[in-house]
Structures are given as C-alpha cells and as structure tokens.
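There are 2 protein chains.
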Amino acid sequence: MMSDVCVFAPVSPAAERLRYILGEDDDMPNPTLFTEMDTLQQDGDELEWKESARWVKFEEKVEDGGERWSKPHVSTLSLHSLFELRTCLQTGTVVLDLEGYSLPQIVDEIIERQIDEGMLSPDLREKISFVLLRKHRHQTKKPIHRSLADMGKASGGGARECPSALWSRMNTLHILNIDMINCSHVLCCFTGHAHSRSMNDIADTLSTDQLRNKFMKKIPRDAEASNVLVGEVDFLDKPFVAFVRLAQATTLGGLTEVPVPTRFLFILLGPTGKAKSYNQIGRAIATLMVDDLFSDVAYKARDREDLIAGIDEFLDEVIVLPPGEWDPKIRIEPPKKVPTADKRKSVHSLNELGQPNGTAGGSGGHSEDEEIVCVFVRFCGGLFLDMKRKLPWFPSDFYEGFHIQSISAVLFIYLGCITNAITFGGLLGDATDNYQGVMESFLGTALSGTVFCMFSGQPLIILSSTGPILIFEKLLFEFSKNNGIDYMELRLWIGIHSCIQCFLLVATDASYIIKYMTRFTEEGFSSLISFIFISDAIKKMVSHTQYYPINTDFKPDYVTAYKCECLAPDPSESILGCIVYHYNLDWSQLSKKECVKYGGSLVGNTCKYVPDLALMSFILFFGTYSMTVSLKKFKFSRYFPTKLRKLISDFSIFMAIMTFVGLDRLIGLKTPKLIVPTEFKPTRPDRGWIVLPFGKNPWWVYLASFVPALLVTILIFMDQQISAVIVNRKENKLRKGCGYHLDLFWVGVLMAVCSFLGLPWYVAATVISIAHIDSLKMESESSAPGEQPQFLGVREQRLTGILVFVLTGVSIFLAPVLQFIPMPVLYGVFLYMGVASLSGIQFWERIKLYMMPSKYQPDFPFLRHVPLRRVHLFTLVQIICLAVLWVLKSTVLAILFPVMILGLLVVRKMLDMVFSQHDLAWIDDILPGKDKKKDKKKKGDKDDTKKKDKKKGRADDSKDKVRNVKIYCHQLAGLEQKKPC
Amino acid sequence: MMSDVCVFAPVSPAAERLRYILGEDDDMPNPTLFTEMDTLQQDGDELEWKESARWVKFEEKVEDGGERWSKPHVSTLSLHSLFELRTCLQTGTVVLDLEGYSLPQIVDEIIERQIDEGMLSPDLREKISFVLLRKHRHQTKKPIHRSLADMGKASGGGARECPSALWSRMNTLHILNIDMINCSHVLCCFTGHAHSRSMNDIADTLSTDQLRNKFMKKIPRDAEASNVLVGEVDFLDKPFVAFVRLAQATTLGGLTEVPVPTRFLFILLGPTGKAKSYNQIGRAIATLMVDDLFSDVAYKARDREDLIAGIDEFLDEVIVLPPGEWDPKIRIEPPKKVPTADKRKSVHSLNELGQPNGTAGGSGGHSEDEEIVCVFVRFCGGLFLDMKRKLPWFPSDFYEGFHIQSISAVLFIYLGCITNAITFGGLLGDATDNYQGVMESFLGTALSGTVFCMFSGQPLIILSSTGPILIFEKLLFEFSKNNGIDYMELRLWIGIHSCIQCFLLVATDASYIIKYMTRFTEEGFSSLISFIFISDAIKKMVSHTQYYPINTDFKPDYVTAYKCECLAPDPSESILGCIVYHYNLDWSQLSKKECVKYGGSLVGNTCKYVPDLALMSFILFFGTYSMTVSLKKFKFSRYFPTKLRKLISDFSIFMAIMTFVGLDRLIGLKTPKLIVPTEFKPTRPDRGWIVLPFGKNPWWVYLASFVPALLVTILIFMDQQISAVIVNRKENKLRKGCGYHLDLFWVGVLMAVCSFLGLPWYVAATVISIAHIDSLKMESESSAPGEQPQFLGVREQRLTGILVFVLTGVSIFLAPVLQFIPMPVLYGVFLYMGVASLSGIQFWERIKLYMMPSKYQPDFPFLRHVPLRRVHLFTLVQIICLAVLWVLKSTVLAILFPVMILGLLVVRKMLDMVFSQHDLAWIDDILPGKDKKKDKKKKGDKDDTKKKDKKKGRADDSKDKVRNVKIYCHQLAGLEQKKPC
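Chains A and B, in that order, give the protein sequences. Each residue of the first sequence is one higher than the one before, starting from 1 at the first, in UniProt numbering. Each residue of the second sequence is one higher than the one before, starting from 1 at the first, in UniProt numbering.
FYI, nobody ran anything at the bench for these hints, they're computed from the structure. Predicted model only: the values in this text are computed from it and were never measured. Treat each hint with caution, since some may be false.
Counterexamples of contact, computed for chain B against chain A with all Cβ distances above 10 Å [to be verified]:
(1) 399
(2) 455
(3) 534
(4) 539
(5) 677
(6) 706
(7) 730
(8) 806
(9) 893
Straight-line distance between alpha carbons at most 25 Å, and here's what the computed DSS-like set of lysine-lysine pairs gives [to be verified]:
(10) 555(A) <-> 673(B)
(11) 848(B) <-> 633(B)
(12) 214(A) <-> 646(A)
(13) 555(B) <-> 597(A)
(14) 336(A) <-> 217(B)
(15) 597(B) <-> 608(B)
(16) 855(A) <-> 336(B)
(17) 539(B) <-> 848(A)
(18) 646(B) <-> 848(A)
(19) 555(B) <-> 592(B)
(20) 673(A) <-> 539(A)
(21) 276(B) <-> 337(A)
(22) 474(A) <-> 889(A)
(23) 474(A) <-> 592(A)
(24) 474(B) <-> 681(B)
(25) 635(A) <-> 632(B)
(26) 217(B) <-> 855(A)
(27) 733(B) <-> 555(A)
(28) 608(B) <-> 336(B)
(29) 539(A) <-> 555(B)
(30) 563(B) <-> 337(A)
(31) 632(A) <-> 632(B)
(32) 597(B) <-> 563(A)
(33) 593(A) <-> 563(B)
(34) 597(A) <-> 563(A)
(35) 670(B) <-> 563(B)
(36) 855(B) <-> 50(A)
(37) 555(A) <-> 608(A)
Where a beta carbon is used, it is the ideal one built from N, C-alpha and C, also for glycine.
In isolation and in its complexed conformation, chain A is listed as follows (with noise of 0.2 Å):
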C-alpha cells in the first residue's frame, strides 16, 4: 500500500473510461481530421478571422509577415497550453451531437446555452454573435492590404463590408436598432438588440477560392474537418469557450479553407492581453484533434468527462524535452516513421492480446517462406506452385508496366545490355576463334532475354552473358580443338545434358539450397560482381590509354620535328615476287594499316601516339559518370518541384549519356565508337544456324559430356539463384511473389534451345538486375504534408525485361544512331552501375566503419547490440573470403567459381564457432525464407530474448498505461500535507 504511492499508480479512471468508449465496434474507422486554426485579427477597423496555422498531420504555420505557410513541422507544445486546455475544456461549454446546419444557429446554440447556463450575462450574446460571425479568411487569398476598389466592390455584395462600413449600411437600411456603448480600439464593437443573422459574414455557398485550393488533394476524400477559433476581445472579462461535436458533418461555408464539412469546433475569446496565450490552447486543441487517439476519443465521446480522459491519456503518452537542451523556436522537421496508432489504440481496447503484431512487409508482403518451405511435396511440386503463383498476375504483368518510370528504365538497362553484349560478344568471339561472336552475343541475349521476362518467375531479373561461362567456354574450345573434337557438337551435347540437370534440380526442388544462404554469402557474391563490374571499366579505360598512347615529349615549338612515313620495305629483303608488285605503291600516301599490310614499314617519332583520345576518352569516361551520380542525387536537393527531380533522377543515366554523347560530337575527336553488327548473319561464315547433334563427334563424346555439363549446372545453378535471392530480396518488397523453380526451369530449356543454335548461355546477371530493379522502384506521394514517401515496392512487370531484349535483337537496325556512343561514355555506365550496386550493401556500410571513430558512426541496429570489435572481425572475415575469391578468379580457377561460393556458405556455417548467435542475429540478418524454419532452432537465443522483451514490454505497456496524470495531481495534492511516504 505504502509502494503504490512512489512508483505504482491503480488503474486510473481516465484509462477505464477510454477502454470502455474505444473498446466498442471497431469496424468504421474514423474519418481523418482536417483542422484548421483561426484567429481574431484587427485590421484597420474590420474584424476578420485569419487563418493563422493547420494541421493535418503535422503543423503547418502561416509566417508572421511572410505570407507563406511554414514548411510542416511537428507541433511543439508547452505543458501549461495543455494544462490550460483542459481546464478549458472542463469549464466551458461541451455540446456533443449537436444537429448544426449552419454557423449562425450553432454559434446561436452555443451562446444560449451558456446564458441557461449562467456562465455569460445576457447583454453580451450579440457581441459575441457578432465576432463570431465575421468572415473567414485564408492563407489561399490576396494580402489583408486590399485596393479601394475592393472595398467599393465589397460593400455592395454584402459579405465582405467592415464593421464601419457595415455600420453605416444598417443605420442606412433602418434594420436595426443599434445601441453602441463599447467602442474600444481594439474591438469597434456593437450591441444589436434585433436578431443578428444580418450580420453574418459568413458565406453560405463554398467559395471558388475553396473548391480551387490544391491544397485538397493532400486531404483524404473522406476527411472532416474541426475548426478552431480564438481571439482576444475588449468586451469579456472571463473566457467564453466552447467545444462542439455535430451530429452530421456539414459544410459552414466559408469557414474552412478547403471544402471539407466540418465536425468539430472549438471556440475560445477571452478578454484582451492573453492572445499568445489563447495561440497556445489553440494549437494544443489542434494538435490533438489530429492526434490518432484522441480523435477517436473525441469522436466516440458520451460527455466531458471523455474528452477529458482523452486529454489525460494524451498527456500520459507524451514525451517531454528538457528546456535546457532544446529550444522551442526550433520547428522539429516531421520524423521518417511515427509510431502506428493502432499499437497506442490497442492498449485500450479488450481483445488487445489476440491481435497480431503488424509486420513491416504489410500482408501483401510475399509468401517466400511458403513456397521455399514445402520442400519436396510431390515431383515438381515447386514448379507447379511457382506457376500456379505466378498465372494470376500475368495480365497485370503487362498493363502495369505502362508508366513514364519504365521508359527510363528501358533506355538504361537496354544500354547495360548491348554494352555487355558487344563487350562479352568480342571477348568470345576471340576466345572460341569467332565461333560465338557479336552477331551471336547479340542474338542469344535478345532471345533468351525475350522467353525469360516473358514466361519466368521473375521477370525482373536480367539475363546475360557472365564471367564464369566466357572462361568455360575458352576452355572447351581449346580442349576440342587440341584433341580433334567437334566444339560446337561437344557444347551441343552439354547444353542438352545440362538442361536435363536442371529439369532434375527443378523436379526436385533443389532451389531449397538458397536457403542455407545468408547476407554473408549473398552479399559476398554481389560485392565481389560490383568490383568485377568496376574493375573491368577501369581496366577499359587504361587498356585505352595503351591502344592511343599519349606522346608526352611532345614540344610545341617542335611541331615541325614531328611525323610518321611509311617507307618501302627494302628491295634486297624482299624475296617473294608479290613485293614487286606493290613497287607501283605510293609509299607515302598509304595509311598506317595499309603500309603495315604492304610490309612497309613505319619511320618517325609520331608513329606509335595517337593525339587527344585517351585524354578525351577519361573525360567522356568520369564525365558521364560523375554527371549520373550528380543528377541522381539530384533528387533530395531544394529545387525544382518534386516530380521534376524525379523525372530528372530517373533519367539521369540518359541525360548524362546525351551530354557527353553531345560533347564527344561537339569536340569531333574519333573516340572509339560503339559498333553494332549490321547484317544477320553467324560471325563465322562455316557456320550455320542450326547446330546438328550428331555426325561429328565419336559416340562416346555424347555420354561424356555429362561431366563437364554437371559443372556448367552447378555454375548456372548457383549464379542464376544467388541473383534470384539478391532481386527478391525482403528490401524490395516485391508483392507478386518469386519462383525460383520456374526460373530455372526456363534457363534449362534455353541453355538447350542456344546450344542448338550455336549461341552463347546466359544466367541472370546480378548487377544489372538490380540496376533494373532501382530503375522501377516505386515510391508513395506523400499524403500529410510533412509526411515522408513510403517505399512502396518495385513496379513489377514483365514489360520493360520484354523491351529491353527486343530493342537488343532490333539493335542490328538501329546501328546508325548507336554508333555516335562513345565506348567511354558506356564504361562510365558501367562503373556507375557496379558502385551504385554496391552502395546498398550493409557489407560495404561496415568497410566504412573501419574508418570512422566509434562517435561518428551512424546509428546502425546492430551497432546498438553488438560490440564493435565482434563488427569488425566480421567484415574483416568477409574481407578476406573477397579477396580469396578475387585472387581465384583471376586465375584459371575461375571455373570452379561455384564450388568457390559453396565454399563461402562453409566459411559462413564456421563463423557458428566464433560468433554468438545474438551477434550472428544482428549482423548476419537472415535472408527472406530463411525465418520461419530456422528461427527457433537457430536464432532461438535472440528470438527468445525479444519475445521475452516483447511480451514483458506489452505486460508493461499495458500495465503503465493505467495511470494518468490525473491520479499524480490527486497524490500532489494529498501529500501536500506532508503525509510520509
């Protein structure tokens, strides 16, 4: 008993009172409030009520002298405004339900009911009237300074005159009796004993200004507005307050500055000297007419004493800053989250324990864990799953890709995808003796990429040509080709086997592998493709450099010493006969090519530098990288109206592109260009179409050639999952689900049908799917001004893949505007794809912890938890796996790189050793699907701890919530008697 006066406190009225009125039928949420605060203004000698701030979700403030509404901020209040609310509000008038149809007779209401009351004296009832009924205006209107002209006009339509003006009308029109006795500067007011109506200034009809506002559209359709109405007057000498609830929502007229019926009012004049002070109740009135909780309370009151629980619960839940630390003029931008009502409404209503806990992902959130779990239900059970998910959004798949964001994205993943073809094309070309070339690259990219987007599970994902499969094929070609075999048969036969083993690993729900993968393996695998990405246009760039070297001895003044001939091979080396013929040559005419050809050879010191190129080519190169990262960070600066940064964001890689692709034909140097092949033919004229399966080989080949399919499987397996795990990762909330089964089910069948025809093989491609992905993200348009835009998801749809790799088959015509591309300009799209793929990577986020002092660190979830050492150590494990990769790959290994990944998920499962599972919890977030099953077993010891936290928090919650402020003012006064503790 002694205890509960320190620190426990019963279940306070207040919180019963509200969990009786919340804890009602729930089902009809509330209508959102608009509210909106109006103050008494003087000018000259017309009365008005001015606009002075609204809310609706956060405060917005009209400027003293501005003219401008103030940027939306959270309303700081002062503990006395709220304090004074309530008294307010315990005092005054409370009619709830009233039946409203207009201002006059709910102002007339409200004051006949204060003088039955005995709280206003009879003789001021049309003084009151009177303010109460002068026109509204709004932030939406011209200055308060108006013309002559204005007022001449005004006074003729009769809601718009001055009190004076007025004055003088009505002792013109004999209406009424007017008896004036109170004429002070501050309010020339009047006392009428007629019926005011008259009077009345307010419009009945909405305003165009009204209707035309845009602010609306920042308003929910449903939305109801409360009005909130101070000022000071010379004529009270005590406060006339009133809070109304109308039965119905109606539309006063004038009264709101957007055309919202009103539901709640909220009136306080007092005698004059107090106006900050009435300011302050004002915007407390408003602030928690906004407020989730109290809105349902003021909704669903029975009487005062209602609202005053509300108030008291709202103040229990309030979070207080020190005056020393903060200062109130600051205005406290809106946060990126605010804690969801429903947790704070939960607490009071009944079956509080039996609902449950809101998921981020919302229920849309995508059903991995589903079809990840039921492993092995029948024979190609994930498969038949996969599409059974994935058929109903297949329309959908289509009519949602039309949107001005997919342009862009088209447009820059097309420009990834050629590139890669024409880069990955030549590299095979040369490595299988043109076998596969340009011509092939270009057609087996724009199929497989066409049939992927258009029937797989994730049509997201971009397929492409990778670094595994060129070092495979290199291997083959020179393996068949030193040992007399058939290199397009041979990579026939382990296209069909391969395909086979994917069917099986399909059948079998094999994808059920990914599971065992976490962020460590999932992020070494991406930041290890960034860098390749990276490092290839870097080492672009240099080998540049080495094919236009620079003559940097170059001496201006020396131009004369400069040049390059070709002289003709000396007669007396010549020994074949055909040398005679070229004697007719003009030596000194023939270009470096031509003399080379010709035998000649090249005398001077200009020979070997080519001028201006490779200079040019780095500053096409950083250019349009820098210009693409600029523009895309272009989107959080001040200027320009939101959509228009986005526009500008969202192309930005193709306005980047046209600049530098501009500038390169400005400066008119003979950078190298981008080369499309421009007629339909196999690169290699020996070869046709159709590769047949037999005739070339021994039959033995056609068995055999399993072995070497069992690994071109692993390799596609692992890549084509890892990125399938990376695009559907729980970030992106993607909503149309995955289907890993279905993907590899689709690459199977085109590693078959390209073996057939002699084109290369293609995986999904990690760096450009998510490229893609970026390009697609969608995000909300902020409702509430102040409000931050939610991510909402990627705006799936097979459309843009379907595009992309159509353009890319069309490219072959479109080769006259594609060869004004600089190959500079597409290596800086390149770096910018591998560094912007990096960025989101937690992995990378804590390279760069290493480099901060412990002070300036960003407040990361896991940093709160986990001790930065254990961080450290395993990044730095990471670090080291990476470069074990790296090194790997740039050797002959490269091949086993699949086995190598498998080798990271082995590191991983050691790091159990080191690491405790709390800390592996945190750092190692697991992957989506990985939860449900391994939770308990694996994670136990963090998932126990905060469901033990979560339930005692909710026993807390609930507990601390029954005790209000009310109880302490009880206890402050009690103790005041110096009763012991």
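Since the structure of chain A is already known, use the hints to place chain B on it.
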C-alpha cells in the same frame, strides 16, 4: 475572479520560492555538474552497478549490447517519469548538506534516517547497505565477461569478488556471523548482523582507469559529479529513495567514471518488476541535475519543498511533443543553439529588468560603432583613435600567429598572390610596354603587402593589383604616348597627388561614408568581384584551347599523313641580303619559332595543332577545383577523427595543388607552367629603380595631374573601404577592431612609394582577403559531448600576411620549385576562390530561392517576415544592377568603377521608396556601425515593434512564470467537483 480559473493563475508558491532562493547573491556561479547513472546488474551470481548513461549537457547512453556510448542526444523523457520522480522526492529521504567523507558513511547515514523516520524496517539495513556498496563498473572498463584468470586474481585483491566468492571468504575468515535467509535468483543476498563495512566493494582511492579517462577533457575543470543509482532488488516491497547533497564535494572512490568529486547522490531501489520505470526516473533526475536552472536550485535548496518547486518550474518550461507525431525511440541530435540559462534564471532574480540582454557577439564584440560614429572629432581624430586601438594588440599580432593553421593559410594565400602577381604583371606589361612588368609586379606586391600587413589597421586585408587600376594605367600610358608626355614621371605625380588626397581623406575622417553602405551595396560589390574571378579563370582556360588547338580531324590510322615542315622562303621573294645568310640553315631542323623568325613558312596539316595539352589543361583545372571542393567538404564527413579532418580541410588547396602537380609530372606533358622572373632587374632595360620627379615633363603637368589623381583616389578609396567593410563584417567576430583611417593612410603612403619606385599601385583585394579570413577561422573545441563547436572568430594577426608577402618577394629565388606548377592548376585555385567567396553571400542564397518551390525553401528569418515576392523583387533589382555593372565593366567605362559603386548607393536609396522599412530591415541587414545611430530613425518601424514585442514578451514571461503545475493540479482536483467555470 472567474477568469482566473480558466486561463490565468496567480503567482504560484513554487515560483515565489525560486525567486527567493535564486535571487540571493549570485556572484559565485555553481560548478558544472557531470551526472552519471548506474544501474544494478546481475552477472552470474555477481551483483554490480553498471554505468548506463552519463550527462555533461546531453545524454549519452551505454548501448545495450554494443559496449559503446551512443551519440550525445537530447534526453527525451516521459511526462510520467517526471511525475513519478516528483512523488519520489516528496516521499523519499532528502538530506541536504550532509557531511560525507565516504560512501559507506553516507549510505549508513541515509539508512539510519529512513529507519528513524519509520520508513524502513531495521532488518533491511544490511541488505540495502550491501547492495549500495557493490562495486561500480564504468563503460571504460573491459566487458563484463571476464576470464577465469581475472577472477582468480580478483579474489586475492578483495575488491573484485562476486558475492559467492566473498561469501566463502568471509566464512573462512570467521569475521561475520552470517544468516542466509533469502537466496533468490535475482539477488543472492544475505543479512549479516555484524557491521558490514568489510563488505564494501568500492575502492577508497581513484583507480587508474578513472584517472586515465580521456573523457575528463570534455568536463570543465571545476565540475562536480552527481551520481544516480537505480536498481531493483527482491527484498524490498516499497521503493527506497534518497536524495543527498553533500556539504562538500567529495571523491567517493570508484563511484564516478572520472576523477570528479561527488556533490549529489540520488538513490532509488525498488521491488523487482519495475526496472524500466526506475530507469526512467533515474534519467529524469539526471536530466534535471544537468539543467542549468534546476542545478542552481539543487545547490541552493533549503529543504525538500525547494527541490519540488524546482521540478515544478522545470515542468512548466518543458517542451511537449505529441505522441502521434514523434517516435520516442528517435534520438534527437543536440540543437545548434539552446536558449541560455541566464534568460530563464533572470525571470527569477529580483533585479530582472535592470539586466541588459546578452548579445551574441559577447563583450569582446568589436567596437566599430564607436570608431565610426565619432565623426571628425578633431583633425586626424580617426587616425589617432585607430592607432590607439591597434597599438595594444601589436605584440599579440605576432605571437598569436604561431599555429598550424597559419601554415596552410600562408600557402593558400601565397599561391593566390603570386598567381595574381603574374597575371596582372603580364597584363600590365602588355598595357605599359613593359614599363611595369612581372618583375615590378612581384616587387610591388611584396613591398606593399609587407608594409601594409605590418602597420595597417586591419592586417587581414591582402593588397593586390585590381582590374580598375589596370585599366587606368592602360589609358594613362596611351594618353602620355600620344601626347609626348613621359609616362613614368606623370605617374609619379599622380601618385603623389593621390597620396596627399588620401591623407586629406584620413585627416577629415572621410571613411565615415561607409556607414551608408548596406548589405545591398556590399553584396553587389563582392559578387561582382567574385564573378570576375570566376569568369577570368574560365576565360584563361578557354584561351588555352585557342593557344593549343586540338586537331579534331585526326584519324589515328592516317598518322602517316600528318606532318609540319619548315620550308625555306622562296629566294625570288627575298630582297634583303640577310636572307642569303640564312640559306646556310638546315630548314628542316628549325623549330616553329625559329622558322617563323627566319622567314620560313610552315607547311603541313599539323602546324597549327598541339595535341593533348588543351585537354590535359582542362583535366588539371577541373581536377584541382573539384578536389579542393571535395576536401573542403570532407570536414563534415564521418570519417577519421575531427582533428585529422580539420587538417585535411585546412590544407585542401595545398593537397589539391600537390596532387595535380604530381599528376602533371607523372604524365609529363608540356603544360604551361608558372614562370617567375629569376633576375632582380626592371623588366624594361631602359628604366631604373627610381623615378625622378622633375625634368621630363613641362611644369604644368605636375599640377594638372591633380585631376587624374582624384579619379585614382576615389577608386582606391572605394575599393579599399568596401573590402575593409567586408572583412570587418560582424559575422567574422573580429575582436581587435578595425582601422579604416589607418588602412587608408598606409595605402596612401604606399601609393607614393610605389610611384617613386615605378611599381604598380596596390589596394585591398576582396576575394583574396575573404579567402585569408576563411583560412584563419577558429572554432571552439566543443566542450560537452553533443554541443556544436562555435565559431569563435578569426586568428587576427599580422604574421600570415607578412609571411605571404615576404615569400612573394623571395619567389624570385623559388623559381626552381615553382616552375613545376602548371598554370591550369592555379586557375583552378582561382575558380575555387571565386566560388567560395560567393557562397557566404545572402544575395546568392536569394538567387537560389528563384528555383525552389516555396515549400522546400530553407527557413531564413527574412522569409518568415517578408513576402516572397518582395524578396524576389529585391533580388531582381540586385541582379539588374550587377548586370549593368558587368556590362559597364567590360567597356572603357570600367575606369568609372568607383563612381558606379556610388551609383549602387543611389539605387539602394531609391529602394526606400519601393520597399517598406520593415522589409528592408529584414532583407537588407544593416552593416556593423550602422545600427546605433540610424536604427531609430530609419528602422523605427521594425525596431519599435520589436521593442514592444520584447517588452511585452518579458512582461508575459514574468507573468507566465508565476504559475506552475501544482496550481493546475489543485485546479484539477478542485474542479472535479463540477464547480462551474
């Protein structure tokens, strides 16, 4: 009487109490309080106090599992915990001015009191004492999991054993008769009948950990500690609360993390199950203890009621965030500035109205008003005042220059100066037929700069040649050439006249005129100069492209077709015999220059091209600029410790120059380099170092030169004084004052000296002077964690300036080093200087507003008070003025530059008719020195309202203060009985 109930409250007893105790003699400020909160933790069967948070000004929390300090943040409390704390202080033991010398004694004392008052049962004495004397683990120590070896050691040491170890030891030693009665899993407790002094776990002396704690430097020297101990134990059924103030601050062994003596002690032990609640109460009292006002109350409180009154006052001032708009989990970063405690305290002190308002500049704030306001006191009055003001600072002007920052400043400004000297030297040489060339420019810069920095009133100003002077010299030279007047002698006489005129201006205190300059003029001038810098840098670079044209038609394959040959002139055309001599030449071996010189003709398609140099120059130019910008920004990144970042930022220009000089060397192209004269002799061989005043021109020229001298004087006066005004800006917080008259005096002297020596004339250079100031800015080493470093002022001294100019003079011998610096790198530095000096200008910020939708505009104070379209109009006028000036500047009219600036003053005067004084006061801030005299006349409008506001605000404040939470509570309690309002 009724009105009081709803809104007003009479003077509350709390406020009266505070007024009484805080109004006492206030000459000795209380020490700063460092607060540490320790919570009771159970590890295994060991019980200890673990540090969980600390406060210097803001809260730093020990992260749950991260073993790290959180970032300092504003303590967000719940209102609930504050009320609970209030109750706790009302019911618990409050001991003020206890004579305590050790923790055990203090604990004993408290327990005895509680037992005496019947609040604690005597049999709990030992248990509580045992718990309170457990050892304290601070965050500086190793993690809680210690090795077995550690534990072994500890059991020998006696101060480290866990209870069970202690237990067995005590048993062994037969010291105590122990009765184990209550061994739960939460607290393996025991009760001993004997006196438990030996159970004290707390060391009596300071540990090395404490002494070595680096955190000490964040705490003021005179600080005292307040320790908050909260925990839950299972043997209590009601909380044990104590608040202790010691008579003398005493070091209580290992209680506090740092070796700071403890003054306050708050203890809260409570029954189990409410740990979270106790924690919150602990945080609440800790936050209160670091609150300036409450800590004052705590030091001066006479009894419990005073403390309660302190809490009530605190509550009355807290800032409240609505729960629906803010997530309490967000840690709020400390604000840039918090309201001073003085303002809050002053309300309570009796001499409230007599106190002046604390100004931002502080008492040292410079006394410009004084020296400018007293116009023409007596002959040379201003000059003598300037000298009187500067003389006492003279020694410190040298020793204050010894700082690492000075090195970077010297390097930066030195490079700017020599680039300037070379550029202007070259141009002057062209303009005056080498009468004044690069050599004269170097010498003049060195001489004038050194003398000025040594003796002037504002040694931060850097002298330099400026554009208008250059144009004047050009016109003068042409005039004398055309009229057969000796240029050097004429120039000398103009110099002499101008010098005399300057002395006249000094003697008559004419610098008073700068008082008419507002932000409008000042910004117009400095923007113009910045634009000139930027455009000059870019123009120079463009001219590079013309000087080194790129052969855009170059086809790498046709390298054989490019050459440039020097052909001997056609003998038939040769008329002069000397050409015959040249026939002996090997024409093909001649360089381009030689070829042209000897009359040969250059034939070939590469003759007019220079490869690579243009592009390389651009790479160096943009590279230097971007690297400087990035490194400057690096100061705000999260990487590396602050000091290192500051160093990098300070030396950014030096590092950028070094990097690109290195790159240039690496590539080895013959980019244009900085070439300084190496021999000490006049550029033109036919002139000496002294110009004689008589002999070459007719006598009337000596008198007539008075007229052009007048123009030069106006030019110099305006240029010099506007730059000085910009340097002496209030924002720069200069403390040594300025010396407009003294500056002008020395400029005049130097005019004459330079004229005699035939050197160019020098005047203050705006951009370089701003750069000088920027590179010497000082920031406070932030004291309390989370407090923003404050801009303290500029390292005002003469050393850097003198060094810069001495170095410039010595540059003639530094040629071997300087010749490696490519000119494009220096132009990059110029570009940076121009852009950087724009960035601080409000005009520039206003231009940016044009492109921002109003909701994204930054929260500038003038935007809150002036309608946007007025701001835009003002900016537009400025832009038009600048455009006109820019156009004029590009013509011969440039010589009238000073007159044009007077034109700006006129335009500004006319703006008075367009804009209201209220608007102008906000947009066109008055300059230092203008406020005092003109405020009342000119800005009467603004000032009056402001003053009214202030007075009203103060009255409001003091009235507002006279109420507190308790009053409402009484009201609440009272009004429960439905007494009508």
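Right, here's what the structure says about each hint:
The Cβ of residue 399(B) sits about 32 Å from the closest Cβ of chain A, beyond the 10 Å cut-off, so the non-interface label holds. The Cβ of residue 455(B) sits about 45 Å from the closest Cβ of chain A, beyond the 10 Å cut-off, so the non-interface label holds. Residue placement check: residue 534(B) keeps its beta carbon more than 10 Å from all beta carbons of chain A (closest about 19 Å). The claim that residue 539(B) is not at the interface with chain A holds, since no C-beta of that chain comes within 10 Å of its own (minimum 19 Å).
Separation of residue 677(B) from chain A is adequate, the least Cβ-Cβ distance of about 21 Å exceeding the 10 Å criterion. Distance to chain A confirms residue 706(B) as a non-interface residue, since its nearest Cβ pair spans about 49 Å, more than 10 Å. For residue 730(B), the non-interface assignment is confirmed: its Cβ lies about 21 Å from the closest Cβ of chain A, beyond the 10 Å cut-off. Against chain A, the non-interface label of residue 806(B) holds: every CB pair exceeds 10 Å, the least being about 35 Å.
With a cut of 10 Å on Cβ distances, residue 893(B) stays outside the contact zone with chain A, its closest approach being about 35 Å. At roughly 13 Å between alpha-carbon atoms, residue 555(A) and residue 673(B) fall within 25 Å of each other, so this suggested pair holds. Between residue 848(B) and residue 633(B) the alpha-carbon distance is near 20 Å, which keeps this suggested pair within the 25 Å criterion. With a CA separation close to 21 Å, the supplied pair residue 214(A) and residue 646(A) stays within the 25 Å bound.
About 18 Å separates the Cα atoms of residue 555(B) and residue 597(A), which keeps this hinted pair within 25 Å; it holds. As the CA atoms of residue 336(A) and residue 217(B) are separated by approximately 35 Å, the hinted pair breaks the 25 Å bound. For the hint linking residue 597(B) to residue 608(B), the alpha-carbon distance of about 16 Å falls within 25 Å, and the restraint holds. Taken as a hint, the residue 855(A) and residue 336(B) pair is honoured in the structure, with Cα atoms around 18 Å apart against an allowance of 25 Å.
Proposed proximity of residue 539(B) and residue 848(A) is contradicted: the alpha carbons are some 40 Å apart, above 25 Å. At roughly 19 Å between alpha-carbon atoms, residue 646(B) and residue 848(A) fall within 25 Å of each other, so this suggested pair holds. Under the criterion of a C-alpha separation no larger than 25 Å, the hint pairing residue 555(B) with residue 592(B) is consistent with the structure, at around 23 Å. About 17 Å separates the Cα atoms of residue 673(A) and residue 539(A), which keeps this hinted pair within 25 Å; it holds.
Between the alpha carbons of residue 276(B) and residue 337(A) the distance comes to roughly 24 Å, so the proposed pair stays at or under 25 Å and holds. For the suggested pair residue 474(A) and residue 889(A), the alpha carbons sit about 15 Å apart, so the restraint of at most 25 Å is met. Restraint check for residue 474(A) and residue 592(A): not satisfied, since their Cα atoms lie roughly 32 Å apart, outside the 25 Å limit. Between residue 474(B) and residue 681(B), the direct Cα distance comes to roughly 22 Å. Compliance with the 25 Å bound is thereby established for this hinted pair.
With a CA separation close to 23 Å, the supplied pair residue 635(A) and residue 632(B) stays within the 25 Å bound. Distance restraint check for residue 217(B) and residue 855(A): the Cα-Cα separation of roughly 16 Å lies within the 25 Å cut-off, and the hinted pair is therefore satisfied. Taken as a hint, the residue 733(B) and residue 555(A) pair is broken in the structure, with Cα atoms around 52 Å apart against an allowance of 25 Å. A distance of roughly 59 Å separates the Cα atoms of residue 608(B) and residue 336(B); the hinted pair therefore is violated under the 25 Å criterion.
Pair hint residue 539(A) plus residue 555(B) holds up; C-alpha atoms about 24 Å apart against a cutoff of 25 Å. With a C-alpha separation of about 69 Å, the suggested pair residue 563(B) and residue 337(A) falls outside the 25 Å cut-off, and the hint is violated. Restraint check: the Cα-Cα separation between residue 632(A) and residue 632(B) comes to about 22 Å, which is no more than 25 Å; the hinted pair holds. A hinted pair counts as satisfied when its Cα atoms are at most 25 Å apart, and residue 597(B) with residue 563(A) qualifies at roughly 22 Å.
Of the supplied pair hints, the one linking residue 593(A) and residue 563(B) holds, its CA atoms being roughly 18 Å apart against a limit of 25 Å. For the given pair, residue 597(A) sits about 20 Å from residue 563(A) by alpha-carbon distance, which is consistent with the 25 Å threshold. Only pairs whose Cα atoms come within 25 Å are accepted, and residue 670(B) paired with residue 563(B) is accepted, the gap being roughly 20 Å. With a C-alpha separation of about 21 Å, the suggested pairing of residue 855(B) with residue 50(A) holds against the 25 Å cut-off.
Of the supplied pair hints, the one linking residue 555(A) and residue 608(A) holds, its CA atoms being roughly 16 Å apart against a limit of 25 Å.
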